Structure formats: structure tokens, C-alpha cells
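Peer 1: With chain P fixed as given, assemble chain Z onto it according to the hints.
2 protein chains.
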Amino acid sequence: MIFSSLNINSKEKIHIQIENHVKEEIEKGIFKKGSKLPSTREVSKVLGISRNSVILAYENLESEGVIKSLRGKGTFVAIEKKLHKGDLIIDWEERISDYGKVCEELDIVKTELPWKKGMISFKSIAPDESLFDLEEFKRAFFNVFSLEGDKLLNYGYAKGYKPLIDYIKGYMEKKGVNLQGKDLLITNGFTEGFDILLRAVTEKGDTIACEEPTHNTAIKIIKAQGLNIKSIPMDSDGIDTNLLEEALMDNPPKLVYLIPSYHNPTGIVMNGEKRQEVYRICEKYKIPIIEDGFNEELMYSGSHVAPLVSLCGKGNGIVYIGSFSKILFPGLRIGWVFGDEKLIDKLESIKRAKNIHSSALDQAVFHKYMESGAFKRYIKKIRKHYKAKYNFTLLQVKKYIPHECILGQGGLHVFIKLKAVNGREVLNECYKRGVVFMPGDIFFNNNNNGHQWIRIGFSRVKEEDIEKGIKIIGEVVKELM
Amino acid sequence: MIFSSLNINSKEKIHIQIENHVKEEIEKGIFKKGSKLPSTREVSKVLGISRNSVILAYENLESEGVIKSLRGKGTFVAIEKKLHKGDLIIDWEERISDYGKVCEELDIVKTELPWKKGMISFKSIAPDESLFDLEEFKRAFFNVFSLEGDKLLNYGYAKGYKPLIDYIKGYMEKKGVNLQGKDLLITNGFTEGFDILLRAVTEKGDTIACEEPTHNTAIKIIKAQGLNIKSIPMDSDGIDTNLLEEALMDNPPKLVYLIPSYHNPTGIVMNGEKRQEVYRICEKYKIPIIEDGFNEELMYSGSHVAPLVSLCGKGNGIVYIGSFSKILFPGLRIGWVFGDEKLIDKLESIKRAKNIHSSALDQAVFHKYMESGAFKRYIKKIRKHYKAKYNFTLLQVKKYIPHECILGQGGLHVFIKLKAVNGREVLNECYKRGVVFMPGDIFFNNNNNGHQWIRIGFSRVKEEDIEKGIKIIGEVVKELM
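Protein chains in written order, with our numbering: chain P, 12 to 492; chain Z, 12 to 492.
The shape of chain P in the complex, shown without the other chains (with noise of 0.2 Å):
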């Protein structure tokens, strides 16, 4: 019989070892296209196993086609030549598209040098998550769960939960926006909302002018689509208008990215009069605006600033792309894009053949939450916290860092220009002694412009660790300089 040449070992699984008996003796030609088995019984009488797992082996044989039982008359080979010529081999890497290769070389998180056990780390600007309310959390999930689970775990809207577009949108009505002919599609944060807004009304080549520096996220979804930067300066309250205009006179870009509250990363806050600068030069200028709505529930001190939008009044021209996640559940990815409503329809579109819609009872849970009064308790609460561990990291800066200047009126971070120091060259030698943070140059489009500039993130760091941490690279500015 076939099987006597099989010398069952006891390293190996029973069913796995007649599996691979069958498909050599295939391949040997021993086994023809047509010929019979013999049946379980039999095989588990010669080989002296147990005939269980000689019915799982014919069974996984089955099921990968290479025989075939017919009922009432027995089990047979259903392949006549090899298995295969050999294993299907793809050069993978040597297909990756230039969209894939931009994305892997501006992956900070892996072209960035790693946080290790141990170390002092202010690369993050997460929020702390000890901060968060989680009784109140699961509170919100219940409450919702028990109304409407089954619901919201089945599909539903590519725009989203519908209850909490309606309570961002009456939130941007709260800050002076002006709804009409407006709506708001839900994303997986800002992330998507930039990527999916900039798919939709760009195509490669087209130039968007930004800030410089500017949220390295933005830069590279920017890069990766195949469309160009054009960096317009900032001086220590902003964007410089004067450069603006004259980005927007010469060679119009087709959409002007920008971050008017705690600007990333360097925390400016854009105050009125400039905002009004600003809105003025792009309306001259026909050109659309997308706000990026970072962190500006963050206020620590002063009067709120109006968001550019709601300059906008009655006009269309702004895109508003807001994400509670920066400060509030990152790992819950719940952001949105606000503008005019027949752009929205389209991003709609476009946000249902990317992903059909973001998770339902997230979204749920989360206005449930919203709506409970304890996102404004925690704003309060955040506010004072992260208020005086800003003041507390700038006091450590000023003291220990030697800087041609400090950026910024709060956050959860500090931008420092370091003086007559390589950023990348401080960051390298602190990273020996067990310290890590951002190198400023990833910020810059033009990242020669950025090689004197680092950003510390503290909002996860512990006070004493804050102070040993700044330190050590005050110490190493000294050393290198």
C-alpha cells in the first residue's frame, strides 16, 4: 500500500506527516490524477495511528484541492501534475509606489530615533491619559449601548453619528461660525480630514502654501499626494502677511494650510488683527483656506480668538478640519472637517470608498460623553493642569537651556531656537545620556531652516523628570557649543 513507505516520527503532528507523504508522492509521480486512497481505516490499521488523524489529513487535503472524496465510492487524487512549480515569490519593495515611499520616508516614527525603557522622553504632545475621566466614559458607553448597541454595531453613516454632527456643528456655532450652506462630515481625526480634503480638490503638482514651519503630518501628506510646498515665514506672532500676499500675487497656490491657534510646532497663537490680515489677503486673492483647529480648546490665558472660519460669515472659503482627539481620546480617532456643504457631499463620497464610515459606537460613546457636561469639566481641569506644568517646563528652559529664543504661549509644548547648536547634533548626544525629543528640522519644509530649533512636549513627562531632563540638555547645548 502507499502509505507503507511512511515512517510516522513523533516530532512532528500525525495529520501533518501524511499531508505532506501525499503531496510527495504526487509530485514523484507515484500518485496519479484519478487514483483511489485507501480509506481512513485502512491507513490508520497499517500505520498504527489513530484514524482521527488520518480524517483531518484528507480532510485539510480536500480543502487545499488536492483529492477528493466522492461519496460512495471512495477517496481520490484530484491533481495530476506538481502542486506547484514553487512558492509565488514578489520583489515587494521594488513595487512600492511613490506615494508608499514618501509615506515610509517622512514616518517619523520610524525614521526618529526610538524611546527606550528608561528614558526621559519629550517627543509626544499626547495628552496625559491619567487625566482622563473613565468612570465617566463608561458611563457614556452604557448609556448608549444599552439604548441603541445593536445599531451602532451594524453599519451606519459614511457622514457620521448624527447626533454628534449636529453637536460640533452647534459647537462651531459657539465660536461665531456662521452655518449656513456649511456641514461637517466625521473623520478619523485630522489626519484623514486633511488627506481626504486635500484628495479631493487637488491633483499632483498643485502647490499649497504653508506656514514654515509647519505640523510635520501636514508636510507629509502633502509630499506623499505629489503636491508642492509653498513655506511662507512666520515671525514671533505669526505668519508674516507681507510674504502672504506676495506667495498669493506671484504664483497663486491652489490653497493656503494653516494653524492659528497654538501653531504646531511652534505654540503662536495668531491674535485678532492678524487673523483679519490674513482672511483679508486670501479673499483678494480667491484663495480657499483650510484652519487646522489644533488644540484651540488649550487656552491658558486671554480672551478666546475667533477661529479664521468664522470670518467667513456667509462665505464658503474656509475649511475648518477640527479633532477633539488631540486633547481629548486620541485612541478613539474622532475628528471632522467643516465647510461648505456641497464640498462636504463630496468628501463623503470620498470617506465611503476609503474606510465606509468611522466607528459608530465610538462616535456615539463620545457624544454621549460630550453631551454629559464632562468634556467642559475636564477642559477646565486640563487647563490648569497643563497651564502650570507649561510654566514650569518654560521655567526649566529659560534656566538650563542657552536659546536665541523661546516660541509659543502655550500647549503642550515649547519650541526652542538653540543657540549656535545642531539640533540633530544636541539630540544625539542626549539620547547617550538617556534623553529624547523632537529635532526641529523635521517642522521645516526646508529642514536647513530648522536645524537650530528642537520641540519638547511635556504633557507626559513627570516635574522632576521635566527638570533632570532639561538639564542634561542645556548641558549638552553648553558642551557643543
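These aren't lab readings, by the way, just hints derived from the structure by calculation.
Among the hints, erroneous ones may be present.
It does not matter which identical chain is used: a pair holds within one copy or between any two.
[Claimed, not checked] List of simulated lysine-lysine pairs, BS3-like, C-alpha gap at most 27 Å:
#1 K173 - K149
#2 K430 - K400
#3 K185 - K398
#4 K489 - K409
#5 K215 - K265
#6 K265 - K241
#7 K297 - K395
#8 K400 - K128
#9 K325 - K34
#10 K297 - K44
#11 K162 - K265
#12 K265 - K234
Just so you know, these numbers come straight off a predicted model, no measurement behind them.
Peer 2: Below, chain Z alone, put in the same frame as chain P:
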């Protein structure tokens, strides 16, 4: 005083009337830059209104940059020109990219006849949410949230939640897949996995070979990305392998996209022998395969058929896109891409550039649910349930609808070639009589090929409505024949 010309009416909010008045006076040139405004106390007295309204108006005007208050000095007009020349108006429709246009044109939610209240709808192939085990899901949430709720609400990893990745790897291994050199990325459902994968390894103008007909979302994504489709016709047992070989020989496509199990829309399950043959052909011409694991779990009868990717051994030429969410919790949007580890590494960077990561909380709850054994129980339950419903539907179709053929071996839908009539004409007439379904042509790259076909999804329709609806379709077909 400058406010004496203001007559407060009772229709509008008082603070808005004050704000508008100040803006109008500035535009008229009556308030000049630097001129001092009366104090809020004075204004409230003169106008006979509450001081709080005036304070609110001043605050809003200041946040917009229109006025400025200097501590101890008073409040002054901050701008000298008109607020702006006009509203920034953009013609967004004219600016929509080619990508955006295709996404909208092929968005069936927008282009197909909408369900209206009271109608019997066979459009959906979403699962019936009344079969979901909500208690088990709630338990999973509770377990995972008390353990690591704070972490799950903060940023997670682009590749996905580690325990879920490991769980799915084990799940793939049980299907006979070799894990060596392979890795896995969690995505927001099949749709995102397919979109990201194509974006990673194709450039505009490349060709993807597909079964004809095929999943309409796949057609949409391929076309939106500017790629071409090479359609390979199907027999009643799946793709025509002779035509597949011809297509690969003549003008090799970049990738072959296939749905071997419960193919959408035909419902055909490719048998083991054909799977071997398809693999042999692709191996011969070195063309990678994207395998859509669509509804693989929904096997009603017969033995388990191994996925194509299990035939690949240590080879890396097949990328498998899986999604539990076709049958379980679609609202959570959880799917995955499984394939060569270097490729997955690139996809991870793209995922990060698109939306950072999928909801960490959803992944963790989902994992807990799967791990509890609830998934196995659920699958057992729904197989029985949907099998009965499928058989019932099939019976009604055979009884009432004049057809040339009926395809499929299960799933949540039946694909029917009508006798000598156009599916869209039938649909239009049925719609008037309160029945709606999917016209078959949306699943064909060449729409003309599909004009006789219709798809009947039954998962969320009650048995009595199934019979009633199918009877009506049958009547219309007979009338039009």
C-alpha cells in the same frame, strides 16, 4: 454717543445687534481705528439693556479682532478698513479632483434608488443586528476597559492592537496559512485595506485583473485611483482559468484581485482544484494575488475550503484582506491585511499617513469578544439561521421569478439572471410597487454585461416580506417579458 442711533429690536439677540452696529459704523467710516468705545456700563445705560449683553458683544468683537481692550485704558477700534471686501466665495464643485469625481459617480448610496419607509429592501447584505450577542460584547468592553481603559483612549499603534494581531495570525494559521515572513496590519474594514494596498503598489495607469462581475466597492476604488480593470469572465464554478491565463500571458496586469469564497455578487465558492489552478497560473507568470476573504466564515455546507493564501507556502505572492465585519459588528470597521512582512511594514507607514491607527478601544473590545469564545458560538448560530433563510429565499426565487440562471452557494444574497428582461427596468417598476434591490450591472466593469442580472440580499428581511417582495419582482418580470 455712537450708540444713540441704534434701535434695539426684539427679534434678534441683543449682543448680535450691538456687534453688527459696531461693524456697520466701522464700515461707514464713523468708527475709526484707535477711537475709543464707550464703556459697557455707559452703553447698557444709554440703550436700556442689560450690561451682560454689552460685555458679551465686546468680547465677541475682540475675539474677532475688531476691537481691542487695553487694561486700565478702555476699549478701542482695532481695524481701520472695512472688515473685508466681501465673503470669500469658492466654486468647490469646479475644483473637485478626478479622484473625487469617480468616488461620487460610483457611490451607489448616492446613485441608486433609495429605500423609503415601508418598502421591502433587498439592497443590503449587512448582517442582521438582532443576532448580535450584545451581552457578551458589553462584558468584553467592561473587562478590557477596567484593565487598560486609559491606555486604549490614548494613541495606539499604526499596525494595530497587538493581542488582536496575534489572535488573527493564529486564526490564519488554523486555515493552513504559513506565517513565516508574514505580518498583519489592522485596517478600518476591507475597504481601507484594499485602498491602502493598491495605493502602496500601483501607479496611475496600471492594470488590475478582476473577476467579472466583482465587488462594486473594489471597482470603485480601482477606478478612483486611476487604474484600469482587466475583466476575466466567470463560469458557474468561478473564474475561467483559460481566460485568466490568456490575460496574464498577453499583457500582464500588476495584480490579480479575486474573491474565492461566496464571491460577491455571484455567491460562487471556488473549489479546491480551481484554487490550485489559479495559483499555478499566477505563479507561472509571477503576478501577485489580492485575495478577498469575504464571508469565508459563512460556509453553510460541505468541507472547509482553504484560502488561496494557504497554497502559497513560504511564498509571499498572495496578500489576503480579511474582515470579520461583513458578518459581525460592521459598525466597528475592523479588517486586516495579511502578507509579506516587508510589504506590511510599508502599509503601516501609509496607514499612519492616512489616519494614524484604527480605534484602539474597538480593537481591544473586539479582541476580548473573540477570545471569549463568543465568536464561535455566534458563527454556529448564524450559519444555521442564514442557511435556513437562504434556502427559503432560493425557493421563492425559483417559484416566482422567471430566470435564466441563479448563481451562488450561500452567503447573504442570491444573484439572478432574469429571463429576457433588463434588471434596471424591473427595478424601476418594482420601486413603484414598494420593492427595491441591487441592479446587477453595478458589479460589472462593462455595465452592459450585467443588464439582465439582479442581486437579492435577504439578511435583514423578514420571511413574509421575502416571499411578498420576490412575488412582486416575479410579477414585474413576467409583465416586461
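Peer 1: Which of the stated hints cannot be reconciled with the structure, identified by number in ascending sequence?
Peer 2: 7 and 11
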